[in-house]
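Now for the letters of each chain:
There are 2 protein chains.
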Amino acid sequence: MSDTSAILPIETPLNAVGATYDLDQPLELDGGQVLHGVRIAYETYGTLNEARDNAILVCHATTGDQHLATPHPITGKPGWWSRMVGPGLPIDTDRFYVICPNVLGSCMGTTGPGSLAPDGLPYGPRFPVITIRDMVRAHVLLLKALGVENLYAVIGGSMGGMQALSLSVHWPDLARRVLVLASTAAMPVQNIAFQELGRQAIMADPEWQGGAYHGTGKSPDAGLAVARMAAHITYLSEATLSEKFGRRLQNGQAKSFGFGADFQVESYLRYQGESFTGRFDANSYLYITKAMSYFDLAEGHGEDDHPGRLAEAFKGVHSRFCLVSFDTDWLYPTSESRTIAHALNAAGAPVSFMELSAPFGHDSFLLDVPALDRVIEGFLLR
Amino acid sequence: MSDTSAILPIETPLNAVGATYDLDQPLELDGGQVLHGVRIAYETYGTLNEARDNAILVCHATTGDQHLATPHPITGKPGWWSRMVGPGLPIDTDRFYVICPNVLGSCMGTTGPGSLAPDGLPYGPRFPVITIRDMVRAHVLLLKALGVENLYAVIGGSMGGMQALSLSVHWPDLARRVLVLASTAAMPVQNIAFQELGRQAIMADPEWQGGAYHGTGKSPDAGLAVARMAAHITYLSEATLSEKFGRRLQNGQAKSFGFGADFQVESYLRYQGESFTGRFDANSYLYITKAMSYFDLAEGHGEDDHPGRLAEAFKGVHSRFCLVSFDTDWLYPTSESRTIAHALNAAGAPVSFMELSAPFGHDSFLLDVPALDRVIEGFLLR
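In order, the protein sequences belong to chains A and B. The opening position of the first sequence corresponds to residue 0 in numbering that gives the first Met the number 0, with each subsequent residue numbered one higher. The opening position of the second sequence corresponds to residue 0 in numbering that gives the first Met the number 0, with each subsequent residue numbered one higher.
These are calculated hints, taken from the structure and not from any lab test. Every value quoted in this text rests on a predicted model; they were computed, and no experiment measured them. Only true hints are included.
So the derived list for chain B, only partly shown, Cβ under 7 angstroms to chain A, looks like this:
| # | residue |
| --- | --- |
| 1 | Leu196 |
| 2 | Ala200 |
| 3 | Met228 |
All residues carry an ideal CB built from backbone N, CA and C; glycine is no exception.
Only chain A is shown next, with the shape it has when bound in the complex (with noise of 0.2 angstroms):
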C-alpha cells in the first residue's frame, strides 16, 4: 500500500493498485458534521501526462469499488469495468490517466462506517449520514493531491452517473466531458421504496446492534443479504430472469414441496445474498443508498414540481455531456435521463443522449454491450 500523501503529484505512481490517499484537511460534510483523517482507497491506470490534460475520472456504482481493471482481493473476480478499461479499450489507457476512488462511506478501503474514528473506536452508527456530493467532494481533494487540476472526463454509472452529474454542477469548471450512464438527476420514488426495504432488512437484524456491531465479532448478514437480494431483482430484466431462469427448477422436475430453494432463481438469488455478505459491510450499505434517496440535483434550484428547477441546476456547467440509458433498466428507466437531457438543453450545454437496446436490465452499463463501447469510444475521441 503506497501512500501518495506523501508523493508531490507529478511523481503520482502510475498504475497504482491498492493506493491510498490521507486527506490533508478535514472534510465539511453537507450534513453540516467534519470528518477528520479521511483516507481514500484508489487505483490509477495509466499516465498523466506533462500537459496533465488526460485525466478521466471513473465513479463507482453503489457496491463497487476502485478496482477497475484489476482483480478484487476478495473474489478474485476481474476488475468491474475490465472490459472497458486497459490498453486500446475504449477507455484506453495508453492514451488516458484513469483514477477510480472507492467512494466516502465504502468499506473496500476509504474511511466508512466500519473504519476507526479518530478515538481509535470504529465510527459504526456515530459514522456522519453523508451524500453523494459529499463523496465527490473527496474525489476532488483526491485528484488535486494526483495533481490533476481538470478532468478529461468524468464518467460513471448508476450512483457513478449521479457522483459524475454531482461533479459537473458544484465543481463546473473541473470535468470536460461528463459521461453518465444508467443513472438519474433525482433518485425516483420507487428506488427509494426498495432501498429502504433493505435497509430495514439490515437494521431489523439483531446482530446489526444498533449499528455498533463492527469489533463485536458478529455483523447483520441476514440482514444485508435479504436487502442484496432486493436490490439484484431491480437490477436484473425480466427478459435476463426468464432466459437464465425461467421457471426452472433446481432438481430436474421435482417440487421439493418443502422450503428450500426449488426454483434455479430462488438459488440463485440465496447465492448471490449469502456471497454478498463475504464482501461489503452492511454499515456502508446504509449510508451509501441513504445518499443515493437524497440525491436530488436540482435540491435548492426554485419550488418543488417545478420543472425548470434542473435546469436552474445546470446553469453554470462548463462541460459537454453524454448520457446513455438501456431500453430494459425498469430501475432508472430512459424517463430519467431524458429529463436530464431536457434540463440540459434548456441550460444551454451541450448534450448527447440516447437509449441504448441491450437485454440485462440496469446492469447492461457493466455488461457486453458493444454499442455502449462504441459510444464511449465516440464521445472520448476528441
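Add chain B to chain A, keeping to what the hints say.
Then chain B, alone, in the frame of chain A:
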C-alpha cells in the same frame, strides 16, 4: 360462529358471517400428504335460489380473507370488495348467492400452519406445503356442503385468479363462468424472485425459530414486515408512488441526516409492514406464497417451453372466460393474461379479454376502477 357441518345443505345460513365448516373427510394434497380435521372459514352473501344455480365463488388474493363485504375483525376496515359485492352492486347479492372462503394455509379461521394439529399442538413447520389446487379442493368440498353443485361463476383477482383458473381446469363441470383479474397461468419468474425475497426475510428472523414459533409468545414480526414491504412495492405502480408520495419529505423540507423515515414513502412502507404483522401470520405467508410460486397450470401437459401446452391444459374446460389485466400492473402484466387468452382460443373455449387503463398498478382490481365494474356486471348479466 356457526358450524355448518351440522347443517343440511338446503338450510344454508343466509349472509353467513363468521361461519366455519369442518370437512367431514381427510383432505388429500398434491404433495402426497393428507390433512385431517380441516376447518374452512367462510362468508356468504345473498340467497341460494331453489334451482341452486345462482352461486358465485369469490376467491381471495394472497393476504386476503373471507371478509368480502363485512368489516375486517381486526382492522375494522370495510370488507376488501365491499365496493363490488352487495345489493345492486356489480356482484349483486339480490340476485346471487356469493361465497367467499378463507384459503387453506391462511390464518383467518381456515386451517393453516398456525392451527392446532390433531395432536393438539400447532402445526408450525409440520404443516404440509400446499398448492393452489389444494386450496380449490377445499373450496369444492365447502361448496358441496353448502348444496352448491355448480357455480354461476368463479371470480378471483391475483392469487384468486389462479384459484379460478385451477377450478376451471380441474373441476371443468363446476363453473359456467370464470372471471380472472390481474392474474397468470404460471407465476412469472420475477414474482417468484420477489416472493423468495419475502420468505428469506421471514426465515432470517431469529424469532421465526425454524417455523416453530406458534405458542412461544414470539413471532418473526420484523421479517414479516420486511416481506410485506417488498410485496407492497410490487403492488403499486411507479405512477401511484410518484403521485402519492414523490420525493416529499416527512417533515417539510428538512432531511434528518439519520436513518429514520425521511421520505413519506419510507414512513408509509414502514407503517404497511408493521401493521401487517398485527393481522397476518408469518408462516401462512410462507405457505401461501410458496403455493403461488409453484402455480403452473400447464404443468403435466407436454414438454416445458412448448407453447401449446397451456392450450392442452384448457382442452377439457366447459366454461366461458373473461380475463382482465391493468396497464400499470407490472407484477402480473397484460402479457400474462394474453397468454391465457391465446391458449383458451387455441383450445376453442369462449373468452373475452381486455386490458383496462387504471393508475393503481396490481392493486387496481381492488380499487375504484369504474370500467372494471362494467366488465364484471356485463359478464355476469347472462
